[in-house]
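Which chain is which? The protein sequence lines are A and B, in order. Each step along the first sequence adds one to the number in the numbering used here, with nothing skipped, and position 245 is 1411. Each step along the second sequence adds one to the number in the numbering used here, with nothing skipped, and position 15 is 44.
Source of the hints: derived by calculation from the structure; they are not laboratory data. Mixed in with the good hints, there may be bad ones.
[Said to hold, decoys possible] Straight-line alpha carbon distances no greater than 25 Å define the calculated BS3-like cross-link-like pairs of lysine-lysine that follow:
{"id": "1", "chain 1": "A", "residue 1": "1591", "chain 2": "B", "residue 2": "127"}
{"id": "2", "chain 1": "B", "residue 1": "53", "chain 2": "A", "residue 2": "1531"}
{"id": "3", "chain 1": "B", "residue 1": "127", "chain 2": "A", "residue 2": "1531"}
{"id": "4", "chain 1": "B", "residue 1": "322", "chain 2": "B", "residue 2": "464"}
{"id": "5", "chain 1": "A", "residue 1": "1591", "chain 2": "B", "residue 2": "53"}
{"id": "6", "chain 1": "B", "residue 1": "475", "chain 2": "B", "residue 2": "429"}
{"id": "7", "chain 1": "A", "residue 1": "1591", "chain 2": "A", "residue 2": "1651"}
{"id": "8", "chain 1": "B", "residue 1": "322", "chain 2": "B", "residue 2": "184"}
{"id": "9", "chain 1": "B", "residue 1": "127", "chain 2": "B", "residue 2": "184"}
{"id": "10", "chain 1": "B", "residue 1": "322", "chain 2": "B", "residue 2": "475"}
{"id": "11", "chain 1": "B", "residue 1": "475", "chain 2": "B", "residue 2": "464"}
[As the list claims (entries may be wrong)] A short list of chain B residues far from chain A (calculated; beta carbon distances all over 10 Å):
{"id": "12", "residue": "202"}
{"id": "13", "residue": "464"}
{"id": "14", "residue": "475"}
[As the list claims (entries may be wrong)] Covered, in the sense of this in silico footprint (three residues per stretch, anywhere, with C-beta under 8 Å from a C-beta of chain B), are these stretches of chain A:
{"id": "15", "stretch": "1189–1196"}
{"id": "16", "stretch": "1460–1471"}
Since this is a predicted model, take the numbers as computed values, not measurements. Backbone N, C-alpha and C define an ideal beta-carbon position, used for all residues, glycine too.
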Amino acid sequence: MMRITAPELEIAVLVLGMAILMVEAFVTKIDKRTLAFAAIAGLAIVFLASFFVAPFPPQNQATGFWSFYSADRLSIFFKQFALVTTIFVVIMMIDYAPVVRSSFPTSQDGLGEFFALPIFTCAGLMYLVSAIDFVFIFVSLELVTISFYVLVSFTRRNPVTLEAGAKYLVLSALSTAFIVYGIAWIFGVTGQTNLQRIAEALENPSTDRGAALLGMVFVLVALGFKIAAVPFQIWVPDVYQGAPTPVTAYLSVGSKAAGFVVLLRVLQAFATLPQAQRLIVLIAVLTLIYGNLAALPQTNLKRLLAYSSIAHAGYLLIGVVCFDGQAVSFYLVAYLLMTLLSFAVLIIVAQQTGEEISDFDGLGKRSPFLAFAMLIGMLSLAGLPFTAGFFGKFFIFYAAVLQRQIALIAVGVIAVGCGFYYYLKVVRAMYWPAPTASYSVAGGQSGDRIDTIPVSGLSRLALSVLIIATIWLGIYPRSILDALKNL
Amino acid sequence: MVLFVIFCPIAAAVLILVGAPARKTALAASALMFAAALFLFGSFGYGQRDFQHVTSFTISPDWRLSFTTGVDGLSLIMVLLATIITLAAVWFAGAIEKYENAFYACLLFISGGAIGAFVSIDLFFFYAFHELALIPTFFLIGIWGTGNRVAAAWKITIYLAIGSFILLLGLILLYQSVEPSSRSFDIRALQAAASMGQIGAEAQRHIYLLLLIGFGILVSLFPFHTWAPEAYASAPAPAAMLHAGVLKKFGVYGFLRLAIPLLPEGARHWSNLLMILLLGNIIYIGLVTIAQKRLDWMLGYSSVMHMGYIFLGIASAGILGVTGAAVLMFAHGLSIALLFALAGELRRRTGTLVFDELGGLSRLMPFAGLAFGFGVFAAIGLPGFANFAGEIMIFFGAFKHGWKMEGFHSFQIATVLALWGVVISTVYMLRAYRKTFMGTMPEQWKDLADLRPALRVPVTLLVGALLCYGFFPQSFVRMVVPTFRTYLTVNR
């Protein structure tokens, strides 16, 4: 059998992306959605191939390519994670295509790039989770960020999207500046960019730890921006709300997961500095409080999911504080499933009615399948047992209790209580009958509001897969736990 | 058989959601559950301390997490209680105006969640099954409730979610307090570890406090009780029956199952705190109950108040008091379900439960009046009803406390104070009975009819169970005692 090595996966993804761009440019007559199906098929093949890659830990004395690229289990796992996310995002993009098309009234030109860009983002994410050298972290981070610049402002005729794009561009560029400056400080102190060698240099008592800490704080600022941690979260609600919804889903899952993997790797290098942990505790507490309290009064579902994304960053940071890679990874998997599920339903419903929570009124009666999918997504986000979200929270808080992080646990109790409120608000809109009276009035003007919302076969399949996976992981998490063992 | 009792209601609920005829499926499922519970009751091996009918599926060997179910005496009487009340509640529900399928599915989910929690030997599923009942309660109160249903639904859901989460933290701490080599979610393994003294005194204090707050919120222990009266007043009658009768008992059951056997030192350390809180339940909530002007609120508060007696039995740390707590738990479930059922039926017919607008109804509804009288006297604790057996054991048990103490100790003072609770509950119960079923009848009710024969069946079932259990408590006591004897003698 032919052996596949890890870097070949990224190369395959990049080739796929370029091929799709080429086809898009030269074959103009086809339905652009064919490109999306090709992208899904290609990514699925790479995903299958990734199971044949043999992981091996990074060697200390490695040189050249292998000194900044690691193919350990963690990175292989998150490469698969990035691929799955991208596949679901492209499926959502197919559903979202009419909206994109309507923002380019003259032609179909936009759609080809719309389907091709996520593939480059995916390659960036896959490089990022393998990066063990600051230079490589920086380069792959830029690959991710630059493709997101375009994606976020893709439907640029819409002023809200344009605003989101501008905000994302400016703040993202600022965070890039921070990470470069931080890397420069760290390199200046230790003379190294490889994370493991930095860790070794920091153990040396002659190293200037204060300067290294300063560099690390700068890096932390940039990563805090990526994972939407307080106080670097200001961009999140506006950008999430303004960006095309599949891109929002991609931002909140893919970008965040990669950010956490890098954070875990970077913090491992700085584990000898005790201040690092205290700083993360502070950030986690702030993120939990801000994300949950700010989510309470939201009435727009997309914005609510933006704040919920901040809140979940808080839970994930608890796992980071405890250095529990397994808990963080499991939580990210659960977060992937439930967030994509919620966004997928949102995209379908929003095209018929709107993005406000009140637009979901009576959905339980209008389209029981979509309402059920949203119900599972929301309950899992709230952390109810027998869903993946519960096990995620369970492992996170298990690690927190084990390390006696009293402050984090106390804030966690409040956060969970808030979470129940704002997630059940959506459930309530879908199932409680009270406000349907206003709909019969609205129905008189636009008859299709009461009708069942059409769901394409592919989306139905994707939703079913997500629902089943969410419940399956909630009952039998062993399939993921075994994959995550000994990370 | 145990698995059947758990999954029968859940499977039936799924079938109903898919489109099976709601009422027939629900009735058939609850009748089957009741039959299965009776079978378990009949085939129970007395005198055995271990769990029986044990089945186990491994979920994660690394975490020693497995889906293990089985019954001992304590869990069996809880299963029996749950199936009786499920049958009565489903029968009593009748035709529902809107979303009938969803209504019955929610009822069955609550029942399945409660039973699953009672028969789980694994702590993880013990917790998870209880949470399964949370969302159906939210729906039942929010969609089919009356009065201030929206606020009540939010209040109960968020309160219980936070309570459960604190409980989860306590359970995690309990799991971690054992040495890493013998960590397990299996209650039997934890008991073995506890009897070898692996759970340190300080850890016990922390865990006990978390469990006290967590379970306390779930059982509406003073001062965490404020969700209960409003939720029960707004809930549709079958939901109130199931929640007050069965699901709320999960907290007490958890206390009997975990706090007493595993954390004796924690119980000793916090006994004074618990005593003050339970007196708050009995005396303060008792007085609040007297002040109520509506029957549903009064019943809601009275169910909070009676939790105080059960906690008194638990706090007594002696075999007599703890057994009494188990007995009262069963009896209170039956009597409060009976009262909520009749109150719900009254509300359906008259549209009001304000005392001043009711009166003299027993002339028109002799059967309902008689049944309500049974419920009232059971709740007061008249001899002949199961509640009496439980309360008397609790009072004797608490007066002669499990630990050796000198002179006239604090628990005897608490017991004397708690005895006044009987007087308080007599006042409000008899007053409620007089104002609804006795006295002068307002003109507007003269066309009311008595309960239909179909509705008399579940009422008779509940009254029969109360009397049967009241006259022969011994058969239940014999089931429960071996469960407690193991550790209450070991820890002395």
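Tested hints:
no. : hint            : result
1   : 1591/A - 127/B  : holds (21 Å)
2   : 53/B - 1531/A   : holds (23 Å)
3   : 127/B - 1531/A  : holds (12 Å)
4   : 322/B - 464/B   : holds (10 Å)
5   : 1591/A - 53/B   : violated (32 Å)
6   : 475/B - 429/B   : violated (53 Å)
7   : 1591/A - 1651/A : violated (37 Å)
8   : 322/B - 184/B   : holds (22 Å)
9   : 127/B - 184/B   : holds (24 Å)
10  : 322/B - 475/B   : holds (22 Å)
11  : 475/B - 464/B   : holds (16 Å)
12  : 202             : violated (6 Å)
13  : 464             : holds (33 Å)
14  : 475             : holds (34 Å)
15  : 1189–1196       : violated (count 0)
16  : 1460–1471       : violated (count 0)
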